[in-house]
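K.L.:
Each chain is listed here by its residues.
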Amino acid sequence: MEEKIQQIISSHKGTKREDLIPVLQKVQEEYNHLPEEAIYTISNQLGIPASKVYSIASFYNLFRFQRTGKYHICLCRGTACHLSKSAELLRKLKKELKIEPGQATPGGLFSIETVPCMGACHLSPILRVNKVYYTKVETSRVKTILNTYRNK
Amino acid sequence: MLIDIEVNGKIIKAKKEETILSALQRNGLNVPTLCSMKDLMPTGACRMCAVEIEGFQGLIPACSFPVNGWMRIKTHSPRVVTARKTIVELLLSNHPDDCLYCIRNGNCKLQNLAEEMNVHDRRFFGSKKKQKIDNSSPAIVREPDKCILCGRCVRYCDEVLGIAAIEFIRRGTHATIGPEFNKSLNNSTCIHCGQCIMNCPTGALHEKTSSTKVSKAIYHPQKHVIAITDSAMAVSLAEEFGLRAGKDMSGIVNAALRAIGFDAVFDSAFGADLYVQELVYELQERKREGTKQPLLSGHCPAWMKHARQTSGNLPDDITTALPPHHQLGRILKTYYAEKKNIDPSDIFIVSLNTCTAKKEEITNNAYVNGGFPNIDVSMTTRETADFIKLHGIDIHQIEEELTDLPFGMASTAGKIHTLAGGLTEAVIRNLFFSAKGRELRPPRITKLRNTKSIKEYLFKEGELQLKLIAVNGIKEAMEVMEEVRLGTRSADFIEVLACRDGCIGGGGQPLRQPAENVKSRRKALYDIDNKGSINVAEKNPEIEELANRFLGAPGSKKRATMLHIREIKKAAL
Amino acid sequence: MMMSTITTDTLIEELLLNTTLEISADLQNHLRKLKRISVSKPVIFVGSGTCGHISGAQETLQAISHYLEENKVDAEVVETGCIGMCWAEPLVDIQLPGRSRISYQKVTPDLVTTLLDATLNFNCDQKHILGQYKNDATEPWENIPHMEDLLYFKNQHRRILQHCGKINPYNLEEYIAHGGFKALASTLLSNTPAQVRDTVIKSGLRGRGGGGYLSGKKWEAAALAAGEQKYLICNADESDPGAFMDRAIIEGNPHLLIEGMALAAYAAGTTKSYIYLRSSYELACERILKAINDCKEAGLLGHNILNSGFNLNITIRTGAGAFVCGEETALINSLEGKRGIPRPRPPYPTQQGLFNKPTVVNNVETLANVPGIIAGGAQKYKQAGTEKSPGTKVFAITGKLEKSGLIEVPMGTTLREIIFDIAGGIKKGKAFKAAQIGGPSGSCLVSEHLDTPIEYESLEAIDAIMGSGGLVVVDEDTCMVDLAKFFIDFLQNASCGKCIPCREGTHRMLEILEGITRRPEEGNHKTLDRFKGVMQLEELGRVISETSLCGLGKTAPKPLLSTLKYFSEEFEEHIYERKCRSNICRGLRTYTIDTEACTGCTLCAAKCPENAIIGAPKHPHFIVEDKCNGCGICYEVCKFDAVLLK
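Residue numbers (the working numbering), protein chains in the order written: chain Y, 1 to 152; chain A, 1 to 573; chain C, 1 to 646.
These aren't lab readings, by the way, just hints derived from the structure by calculation.
Since we're looking at a predicted model, the values are computed, not measured.
Take every hint as true, because none was put in to throw you off.
Taking lysine-lysine pairs in the DSS-like style, the calculated list, with each CA pair at most 30 Å apart, reads:
| # | chain 1 | residue 1 | chain 2 | residue 2 |
| --- | --- | --- | --- | --- |
| 1 | Y | Lys131 | Y | Lys85 |
| 2 | C | Lys532 | A | Lys128 |
| 3 | Y | Lys152 | C | Lys639 |
| 4 | C | Lys430 | C | Lys127 |
| 5 | C | Lys639 | Y | Lys70 |
| 6 | A | Lys128 | C | Lys579 |
| 7 | Y | Lys98 | A | Lys129 |
| 8 | Y | Lys94 | C | Lys627 |
| 9 | C | Lys427 | Y | Lys143 |
| 10 | A | Lys183 | Y | Lys70 |
| 11 | C | Lys272 | C | Lys357 |
| 12 | A | Lys109 | A | Lys523 |
| 13 | Y | Lys143 | C | Lys639 |
| 14 | C | Lys554 | A | Lys85 |
| 15 | C | Lys296 | Y | Lys13 |
| 16 | C | Lys579 | C | Lys565 |
| 17 | A | Lys339 | A | Lys213 |
| 18 | A | Lys183 | A | Lys132 |
Kindly produce the complete structure, drawing on both the sequences and the hints.
P.N.:
Structure, rendered in structure tokens:
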């Protein structure tokens, strides 16, 4: 991992404090999340104390320290989606998968994340599974959507 | 350049471009602050210093807004007072309701503010944060539930020390402060210097107390409990009892400790005398061998932890001599035990000092020598005061007593070894004595007696030339090391203390310490030096006696196996 | 047809650097082609902004490509940005040789074949046609309304969005053909930075990100500040829920932003610039990166632009998902690799910003206004809008509207015009209740404000803010208490945590609201607590606004306090009658059991904490409404989806 991260840092061409967030972004792209080892490696290679690297990573919504599920469900929590009862969708997802946003199911199949407004408000409520969008989702459709992935 | 500003209807003088807070404070007008730190840039985080300025819409934080000639400021209008009170109430609403059980009961900034602001209603109530207490470190305890996120601990550790062991984690109401991954303190880069405790306004950070252990030992029929006092602690204790800062309480401490039930009271300065002798011997050896690298002191445990973790293991150039109180502890559990016919396992040694890092130091295997820890418990100045009070001793009624002999006798050089530059002074006096066979007169070296964080001295006697540096502050120390490495600064000896003011500003000191108090403590120690007649270890008769009877002269094999880590380790293998 | 030998360089040379008004016939031809005044083969445009993608535009695009290949049709396919008619997406425009461009709405992949079959044969598919674009040089289609005359467009004044959804955002030359970079070229040739600043100050352009400060003055402050190294940052973090104006500008016309940044950088004397782009804006990132590269290659960015001695490099940095980074100083901290925490001001960013150097932070829309101002002059700019708020504003109108989307109107347009004239009124014929303007930092506007002109001063007078352009409209079925709770929850989550009033204050405000939208524990003192809580909201809100460090905290109480002001009966119903008239607040709802779905497994009855469910095993169960406390446990545990919300 150390070598790979070194590669990422050299390709970014910057090892100063202001390069920390882009480096963290690239590392997360590579590993899907920020493994603990990566935090220490980045800390060593950029010369920034590990507590600061973690502090900055934990501040932003983008960074996560746990791997997402195979199918990562993003639920839009924008205003229009809220008005279209996205809160009910969330409740249904939580009920079906028995996990909270930010967690993954024990087998690692699904994970849930609530995301800020996706900006397609006329199609609310919206949820996204990996790169596939589902629009105007009624609560009753949730199970069907989940099953398409369960049966893959 | 001075300008006029109007505050509460009166004109006061302010310096151009200074902050409103600074102008107010200079004119004796106080507004409450929580996050402001002396000498560091204001962050404007707590909003307690909010004031009303005519023409401005909201309330303005005095700490981070510059003065301007046309300003009309109100520092205590009803609008401002309501705002401050609400802020305190908001803090209290997310704070445990257990003042009576808290270590800072009666000595807490938040408590004081609640009182000042007349908070008598629980207006906001709802969920409070529930985070785990971090008890992992032998020195410092973290109670995140009590943290008000003022950030002073983080800033000190980062901006002043340059270590950044702890930082803010997450954001908003989920924010907390801790090492990366919020892991336990004893796994982090924390050096246990305790300056975070000194800056914390609440009980979120405090030392791990040991008084129960000590009480138990004292009341154990078999244990022989010895107290090793420390002169820095002795000149700081007065503040915990409401007496004037800088009063030398050593006589009273001796009496109090005996009254509590300690079997003997000795002075760590004795250990310091031994320590200085060892350092000087090492220095002279290195000069003889032509070693280029400077010898580094090793008696500051916070510095030692930092050195260990930055270089992987103990750097070669740190002195192998045990720190002063360990040297004394070692002698006590061997020579003294034998003399007194006490089983060393029954000897319980309590070191009373100004330091929190020593609590971690004494657990380190390196300082468990000959099968016994040199020191069993280390207690801070605060703990010592509490311990005395706990045992019902009225220090106003007690008569001063002397320390026990032989290990209570110390040169004044030993007594000032905890001052920034003090150890170096002691070393120089010893070097002089060694070279010239007489004492350095006058003994005081004024070049090493100022508040600069880096002090230098060039010792020249005949052919012997040594450059000695005393540096305090980890950041400054690392800078000096780097300069030495690069060759831009020469050094043969570097005294390193982690705490800014040396040990008199240590993490175990009285929590409220205005700058004048630190000054008084420093003066008190220098007064002891000026007044004492034995100013160098060589002239300490008890040291001579111990050398003759047991240890031998500096450089002896006995000293090597008794008082130096490497040799002890070698012997143990 | 003559092959055009005009390269980008020639285009720039002859069009931008040409100070005479004469251009060669060759160039004129080339421009006509670029502007697609007339086309030589069919051109199919697919509305391909992010909203388009989410509507399925990519699948439609695939179907189109497939059709063209299968049927061996020689046509050009262009992916455009968003024209703002989100309610009509996926949008497909077709321009046939000699005919005006027409626009089809809601073109799902299955419709592609019939649509193209018809249109390519010069038959318009009446079912899906939206309109046709006016064009003097081509033959119009019969019986098809003009897009410009549609109510949706007629009342707009599209300056910034003029080309969004119409031109190819990947093609620099198209932008130049439409007049792009002329303003920059003439400025670099003959105007000083001070002159540019003067023009923009005279135009009265105010920051469109919500601040409303005179942009020209900001540039002036930076230009006059001490120091060589200065920075320009384009704030494209856009994280207000329901706001996607900046995204549409970047996806639809990225070169417009680049030109605006270049002019701003020139005027403010900034030597390096950044675009801080919201991390989830991947498509926008792709398009702006291409645009920057193309501009660099063409000599419109980089060293010695157009031989003027002016240098500008634009670096893209993506955010990492923190709403608070929309605040200038928090954004600057984020760029420096720190936590996105706001700094105390003074010092202001124009004096000490990024790396402590003078920094100008401008919103995307603000910068997009600049080329037009320079090209047309300050007076022309002021012809739209009001005296104190000149120009136009892009709004993202969403919520319970017939037509949700992106519009651009002159400042001073009323809410009524936007909702009823442009957006077609409230969906399903429901009654208008309120409009939230300014996102989670804004107040709500109600019926009495329908005729208030939307501009900075009028809004301030009614204690509302413009915000960045998000406008969410709610109808009679919306629970205002729930909406207020939604916004506070959002802000609570977004708070950086630095200052006590925002961090702890918004937390308590949220709790007070949760207290009145949750099923109560019994006991009179709890009612008193709820009541006390709400009474405290105003004072608490005031302290939070007055003492918070940054805009987020300062405006956090606004949505709550304004809904409290205008909808106090709804609040009282929640507090005293424990009723949510819109049946939204979950804690105040009731549940019923669908007797057909219920299998009588008795699980819900066993779990019910109030013993409110009765029924025999294997027989449908029944919820006793009086006993039900709305906790919803039965709903959670039922494996047969037999428990329904009433």
